[in-house]
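Produce the complete structure using the sequences and hints provided.
Residues per chain, in single letters:
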Amino acid sequence: MKFNNRNIFISPNATIGANVKIGDNTVIYDNVEIGDDSIICNDCVLGEPSNSYYHDENYINPKTKIGTNSLIRSHSIIYAGSQFGNNFSCGHRVTIRENVIAGKNLSVGTLSDIQGYVIFGNYCRLHSNVHIGQQSTIGNFVFIYPYVVFTNDPHPPSNICKGPTIGDYTQIAVHSIILPMVVIGQNCLIGANSTVNKDFGDQLVIVGSPAKAVCSIKNIKSQEKEGKSHYPWMYNFDRGMPWEGIGYQNWKFQDDIKH
Amino acid sequence: MKFNNRNIFISPNATIGANVKIGDNTVIYDNVEIGDDSIICNDCVLGEPSNSYYHDENYINPKTKIGTNSLIRSHSIIYAGSQFGNNFSCGHRVTIRENVIAGKNLSVGTLSDIQGYVIFGNYCRLHSNVHIGQQSTIGNFVFIYPYVVFTNDPHPPSNICKGPTIGDYTQIAVHSIILPMVVIGQNCLIGANSTVNKDFGDQLVIVGSPAKAVCSIKNIKSQEKEGKSHYPWMYNFDRGMPWEGIGYQNWKFQDDIKH
Amino acid sequence: MKFNNRNIFISPNATIGANVKIGDNTVIYDNVEIGDDSIICNDCVLGEPSNSYYHDENYINPKTKIGTNSLIRSHSIIYAGSQFGNNFSCGHRVTIRENVIAGKNLSVGTLSDIQGYVIFGNYCRLHSNVHIGQQSTIGNFVFIYPYVVFTNDPHPPSNICKGPTIGDYTQIAVHSIILPMVVIGQNCLIGANSTVNKDFGDQLVIVGSPAKAVCSIKNIKSQEKEGKSHYPWMYNFDRGMPWEGIGYQNWKFQDDIKH
Chain A
66 MKFNNRNIFI SPNATIGANV KIGDNTVIYD NVEIGDDSII CNDCVLGEPS NSYYHDENYI
126 NPKTKIGTNS LIRSHSIIYA GSQFGNNFSC GHRVTIRENV IAGKNLSVGT LSDIQGYVIF
186 GNYCRLHSNV HIGQQSTIGN FVFIYPYVVF TNDPHPPSNI CKGPTIGDYT QIAVHSIILP
246 MVVIGQNCLI GANSTVNKDF GDQLVIVGSP AKAVCSIKNI KSQEKEGKSH YPWMYNFDRG
306 MPWEGIGYQN WKFQDDIKH
Chain B
66 MKFNNRNIFI SPNATIGANV KIGDNTVIYD NVEIGDDSII CNDCVLGEPS NSYYHDENYI
126 NPKTKIGTNS LIRSHSIIYA GSQFGNNFSC GHRVTIRENV IAGKNLSVGT LSDIQGYVIF
186 GNYCRLHSNV HIGQQSTIGN FVFIYPYVVF TNDPHPPSNI CKGPTIGDYT QIAVHSIILP
246 MVVIGQNCLI GANSTVNKDF GDQLVIVGSP AKAVCSIKNI KSQEKEGKSH YPWMYNFDRG
306 MPWEGIGYQN WKFQDDIKH
Chain C
66 MKFNNRNIFI SPNATIGANV KIGDNTVIYD NVEIGDDSII CNDCVLGEPS NSYYHDENYI
126 NPKTKIGTNS LIRSHSIIYA GSQFGNNFSC GHRVTIRENV IAGKNLSVGT LSDIQGYVIF
186 GNYCRLHSNV HIGQQSTIGN FVFIYPYVVF TNDPHPPSNI CKGPTIGDYT QIAVHSIILP
246 MVVIGQNCLI GANSTVNKDF GDQLVIVGSP AKAVCSIKNI KSQEKEGKSH YPWMYNFDRG
306 MPWEGIGYQN WKFQDDIKH
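Protein chains in written order, with the numbering used here: chain A, 66 to 324; chain B, 66 to 324; chain C, 66 to 324.
Hints in this document: simulated from the structure, not taken from any laboratory.
Take these hints with a grain of salt, some might be off.
One copy or any two copies: either way a pair holds, since identical chains are not told apart in the list.
Stated by the list, open to error - Computed cross-link-like contacts, BS3-like style, restricted to lysine-lysine with a CA-CA straight-line distance of at most 27 Å: (1) K293 - K263; (2) K290 - K263; (3) K86 - K128; (4) K227 - K169; (5) K277 - K263.
What follows is the structure in structure tokens.
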């Protein structure tokens, strides 16, 4: 079915790893490097040149690096000048602009729009239709749900561009807005439809517009294990996580002794 | 103009009805069945295989059925394994994943994202950019407006996946969020920017974050007919509805005596 | 890299200006006119026919006019029957339906969805993922940020279709909703996540759900120039504006004496 080598354009200056599948109508521009065993589906553009290409005859496409075992679904556009760790996974119609540095196992959902100049830790997950403004910094194991927006201009329009900083393990629920320069701690839960306009520490449930800390995450009871807290979630959820099957505590212990 | 048979790929295992038009650059994979008189515009993917295709050599694409007289606009992606009744209509860049069962006359707007495992009744309308999480159940004549999100995980991330259930004729205005497992009755109006976190009965106006029932829908005066209620809306709106030209009451009566 | 003339379709009835670049897989239908020095990237559709094309044998595609020096990024769809002034700029996957009349220097961000029958003044900027309903009127130098929705039906579904009217220089922050028929004055700032359900005058900061005027824009202090107001923003921001480098006051003076 898929991968018929129809209407594909691959620059001679791209580097394609072993066992990579490339879908029909996909375009791969100069200086893109794709790791082994990756799948690039149809109608994608990898290494999209920046604006200056259109006007500068001496334009050289910056390097783009996609780790091994990645899966980029159809109609996604990734600009030149970013790097993604191994096991990068990407939904349909994703747009990722230049200067993104992402750890391993980043997952970006359908229609998400990453505006460039963003740092992601490892194992972050963006669900569908997340918008990350420039100059944002996102820790490890941060999950962001649909229609969340990270902003970076406190008084639009101004010349300030500085996005939020999010700590490890924090979860940001649907339709929330994180305002510029806001710093959120580790292991927080930001509730649906919140507008977060100031900094918060660790392990807090943050809700409302403007958002307030209403309690510790430990107050939220699990609906799966009676009488237990659901958060910190790492003790109750492991799908796709490095502690899958062994438990967070064991993994953390192994991880600690390695360092 | 359109439909020049350029760069089209149709699987020999697809079944294309009579008088079907297919746009340039469109791909139709195995076991897709398209009803008579349908129009599939350019750059679409129908029968997109699920993840397991990439790793399972024995993968068989599940059946996809699109009813007669359907119109699928350009750049839309419909995964294998769903079925849509007759007169299915779909905007641009729609994404619909597997295991959707839809009645007749479903209309899905541009950029909407249906995550799969969803049941729709007849004559539902999703406007642009609606996000429906898995395991949602939507009645008949339910209209959903832009940027509405149906969620399915009460404590993200968890292993629970159970979306909302929406009764017939209910209208859900822009930017509202329906939280997991919420059950909404028939003929409700959910106001713009609401966050609905509990169940509600029939014929209610539901607004706010968290949402509350503020009055009966009958309290909302029509801006078209002085002194009358606008809701239930079926008495005041018929465009594209089966009661168009004959009135809801007459249609309902005919419909009742047929059953 | 780009612009290899692969799989392009241009109607013989389209008019392409001098020095226009057209990307691979792009389609340009009847009666589209593209101004000199424009760049149309790959996978675009310009002059997309309206619904009646599918059923009317005598259909004639209405005229579409794109001004000189425009840049339309990949995967965008522009319906037949709109006109855009010079220096039109458009992100990826934009959808613009029929009967849009736009002044010069309109910028429309990635994923934005303009439903048609909209009037824009000069130098408007829509950021990513803005949704503009039909029958909206937008002044000059209006900037609209991600996930803002303009609605046009006060009691959905009804037969009323009348969008908002926005005055010059007004800024509308992320995730705000402007309800039907609302009229907003000049130089307002609508805060993030607001739901605006009534009219407002000039120079107001408008926030909340439902939105209220909380103060004059002059009360907002600049974070760049100590002790000064940031708004009216034209005195503090000039990137891409006609007063770039000369200051708003000088430009305004020149502009005034010309008229």
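Unmet hints by their number, sorted upward, for this structure:
Those not satisfied: there are none.
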